[in-house]
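On the provided structure of chain A, position chain B as indicated by the hints.
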Amino acid sequence: MATENKKRRWRLSRRGFLIGAGVLGGGIALGYGVGLPAARLKIAEVMDSGIGQPVNIDKGPLVWIDIAPDNGTTFYIPKIEMGQGIHTALAQILAEELGADWQQVHVIQADTVHGPVDSAGTTGSQSVSSMWPVLRDIAANLREMLRAEAARQLGKPVAQLKVMKGFVLVDGASGTGAGSAEGQISFGELIQNKQGAWEVPKDKPVLKPMSEFNIVGQSMQRVDLFDKLTGQAIYAYDVRLPNMAYGAVARPPTFAGKLRSAAKGTAEEQPGVIKVVAEPDFAGVVAETRQQAAAAVTSLALDWDAGKLWQQAEIEQMLEIKDGAGTVIQNDGTGTAMPANDAVEAGQMIEAHYSSPFAAHAHLEPQAALADWQPDKLRLWVGTQMPALTRGDVAKAMGLKEEQIEVMPTYLGGGFGRKYGSDVAISAARLSRAAGRPVHVAWTRKEEFQNGYLRPPTRHILRATLGADGRISSMAHLQSSGEVANSFLPAAMTAVMGADFGAWRGARLHYDGIPNRYTRAQVASLPIRTGWWRGLGLLANVFAIETFVDELAHAAKVDPLEFRLQHLPAGAGPDSTSERLRNVLMGAAKQAGWDTPLPQGRARGIACCTDAGTTVAQVAEVSVEDGKIRVHKVVSAIDPGLIINPDGVKAQTEGAITMGLSSTLFEETRIENGRVSADNFDAYPLITMRDTPEIEVVLLQTGLEPHGVGEPPIGPIAAAVGNAVFALTGQRLRTLPLKLV
Amino acid sequence: MKLNVNGKDFEIRNRPGSVLLWVLRDELGLTGTKVGCGAGICGSCTVHVDGVDTRSCVTPVTQVEGKRVTTIESLAQPQADGTLKLHPVQQAWLDEQVPQCSWCQSGQMMTAVAFLAENPHPSEEQVVDAMSNNYCRCGCYTRIKRAVLKAAEVAA
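Each protein sequence line maps, in turn, to chains A and B. If you read the first sequence in the working numbering, its first letter stands for residue 86, the second for the next number, and so on. If you read the second sequence in the working numbering, its first letter stands for residue 41, the second for the next number, and so on.
One chain only, chain A, in its complex shape:
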């Protein structure tokens, strides 16, 4: 069930609106006070949608729109900008529906002091799709309030008034939406000369029709780039306060390690040291400079229990796929879910095993937080995708009420699921409390590798039977993974769910033309922390499924594109996932010249997936040089529904492909003697420009709703490359990263 996109109906209650004086002084601010739609999903629906969001409804306004007398329009946006262009996309939605002048729009990151707390966080490629109906409704309400006020001031009926570029105009007036012509009045003037009372319209306002969009659907330049290009943008690592000091934290020698006892040793005597903290569960130093703090930590007298010295082989054992284990997450069809034993004996069943390794997030900005502990409150500047969760975690750790904590989320220098700011924020808070000064804590690259969490390794068994007609009659995916979402969710919730929805994201078989489909997910609680990583289980699961489908195509002696299309029923309706998968497959194949010959030594591979309501297909063109895989070109077709910013979708697709290729060709780490084998990039190289192919993105749009873009295009790339390598060399590579023998 439920491979189709769920439309989440979202209605604002009239009394949810909050109207106030402009936050910036003067003007009007409109907010709306309920949690995100996702917060209303029941657990079953969270599982069903395969995305899942932390569920805790808060009472802060969802978004603020602030219009100043000079018509400057400020949007306080709760979603975190980590490079995905979300501030721009959400501002486009608001500006479009409000009728604001794009040139006068400013975007400010909402924090707990100014604007909303976002309980859902910025995760799961959900920001645009979840905010789309809400933002439009909020902006439309404000627009109608402005029109009602304009009717009073211009002495015209509302029906004769239209809104354009920050002005309300009398229909048919000569006004151009700029300057001060007869029969038009700017938002700012309207508000300044207000005659009536602001009243939220009783009925839900009519939304602007798509045919009139001139901001949504345009490649607006990113609102955050000028500051970023000139070095002025402030990230968590960059935040400064007068009198601030720098903290460093002692780390165990292994990931299972625990403090037996901590004493100050000679740390207090080290240069620049301001404060030494040696508590039963935590030891750290505050100093005048970052280097001094880091140096002084080595002078603490710490007795560590290293715990068990885990090895990779033990991890491998824990991931073994066992009979009868795990949770069935897909069981579609009429026959037996698993290929019958007689089929196996008759030799019709095909089986293959796949795996993916531990991987790091490798966001280039390490975790950072600045804490300012004051007698009555704690102020926190922190890099986090989930400010509300960070606040809750810090409150719990520090024995504070949430209301006593102000969280100011900053730009993120990469998120990828790892900017879960709680650990670094708690360290900074503890050290600031001890030192009585604002304390900045930032992790080193070694801490990032050793003390954070990793993308978990996965194992996959794929089985299928081919019918006499060369079509797949049944297919099963038995999957095993370390935890992805479970490590962050309450135990009660994970118990109900059985499996880890993050780990099986993308694991269900997406070909509706296969009569019998079965997917089982097994989750291993590994001794090392694992968790969210861009796309969660998507990259590994799609690698296994789409490589296997390629193997079946070759077994059936059918062209891999044609074989895929054979298993996606035509005529399922234009909005169906099957149809949208067909469209991206054909779109990518056409642009890549799938049927055209390649020069000697080159070959193409294809793969597809559906995720976050979006469909993606990719064609990779490869060669082998000096025994190494070289990817020359990737063509990606993507259908994310309604497109808010075409260049933004392209950028996310290019980025996801490049990051996915890094996993496909290079990235892995292992557990050795209770530690992660890599401490820095010398032992964990990332892809560089040299190995990045030419990337072409084909944009398709189906329907009237936007879907996710940040993660879906990371799905197909590994399989597309592996399938191309098979076409070229006959070697079937089933382990990431791909290595030729």
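Errors might be hidden in some of the hints.
Stated by the list, open to error - Heads up, simulated DSS-like pairs for lysine-lysine below, C-alpha to C-alpha not over 30 Å straight-line:
(1) Lys824/A <-> Lys407/A
(2) Lys287/A <-> Lys349/A
(3) Lys349/A <-> Lys531/A
(4) Lys247/A <-> Lys287/A
(5) Lys393/A <-> Lys462/A
(6) Lys343/A <-> Lys486/A
(7) Lys190/B <-> Lys718/A
(8) Lys185/B <-> Lys718/A
(9) Lys642/A <-> Lys718/A
(10) Lys247/A <-> Lys289/A
(11) Lys713/A <-> Lys107/B
(12) Lys393/A <-> Lys407/A
(13) Lys824/A <-> Lys185/B
(14) Lys185/B <-> Lys675/A
(15) Lys107/B <-> Lys42/B
Hints were generated in silico from the structure; no laboratory data involved.
Only chain B this time, still in chain A's reference frame:
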């Protein structure tokens, strides 16, 4: 000791082992220069020392005494009206909408500026050579390449 940064002289305390990156960021407040690995691998911390691209995270501050240090903050030129005029490399980055998270981009642009000063008319292959020692985790490499070539073209 004295440090010349972006054309200005600063008096800084000479602490043993002091590293240029931390002096720039934490003492002078020039946080446009970023930190990624602390080991000279990723390139996020790239600045110019006498015009040469240099990894500031592994550069002892004593090594740059008497030399000219240039950071991202000095690339754009302040105009009479208080606005900033972007350097051609920054402008190319903006035109191509290169950055995503942008944490690495100060280092990418400083690398590109030094490279183009040495080699104003590079081939695509030379750009790839010059830029393949800087990591970008968001995966903006195709746009970085386009922007470097565009900046070279504009300057030509």
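Lys247/A and Lys287/A were given as a pair; does the straight-line alpha-carbon distance stay at or below 30 Å? holds (19 Å)
Starting from Lys642/A, check that the Cα of Lys718/A is at most 30 Å away, please. Given pair Lys642/A, Lys718/A holds - Cα atoms ~25 Å apart, limit 30 Å.
For the pair supplied as a hint, Lys393/A and Lys462/A, confirm whether the alpha-carbon distance does not exceed 30 Å. Violated, because 40 Å separates the two Cα atoms, which is more than 30 Å.
Quick one, are Lys247/A and Lys289/A close enough, alpha carbons at most 30 Å? holds (17 Å)
Check whether the Cα positions of Lys287/A and Lys349/A lie no farther apart than 30 Å. violated (65 Å)
Check whether the Cα positions of Lys349/A and Lys531/A lie no farther apart than 30 Å. holds (23 Å)
Need the status of pair Lys185/B, Lys675/A: alpha-carbon distance at most 30 Å? The given pair, whose Cα atoms are some 26 Å apart, holds under the 30 Å limit.
Would the hint linking Lys393/A and Lys407/A be met if the CA-CA limit is 30 Å? Between Lys393/A and Lys407/A the Cα gap is close to 25 Å, so the pair holds against 30 Å.
Mind checking the alpha carbons of Lys107/B and Lys42/B for me, to see if they're no more than 30 Å apart? Within the cut-off at roughly 10 Å; holds.
Under the criterion that the straight-line Cα-Cα distance not exceed 30 Å, is the pair Lys824/A, Lys407/A satisfied? holds (27 Å)
Going straight from one Cα to the other, do Lys343/A and Lys486/A come out at no more than 30 Å? holds (28 Å)
Next pair to validate is Lys824/A with Lys185/B; report whether the Cα-Cα distance is within 30 Å. holds (27 Å)
When the structure is compared with the earlier hints, violations turn up for hints 2, 5 and 11 and for no others.
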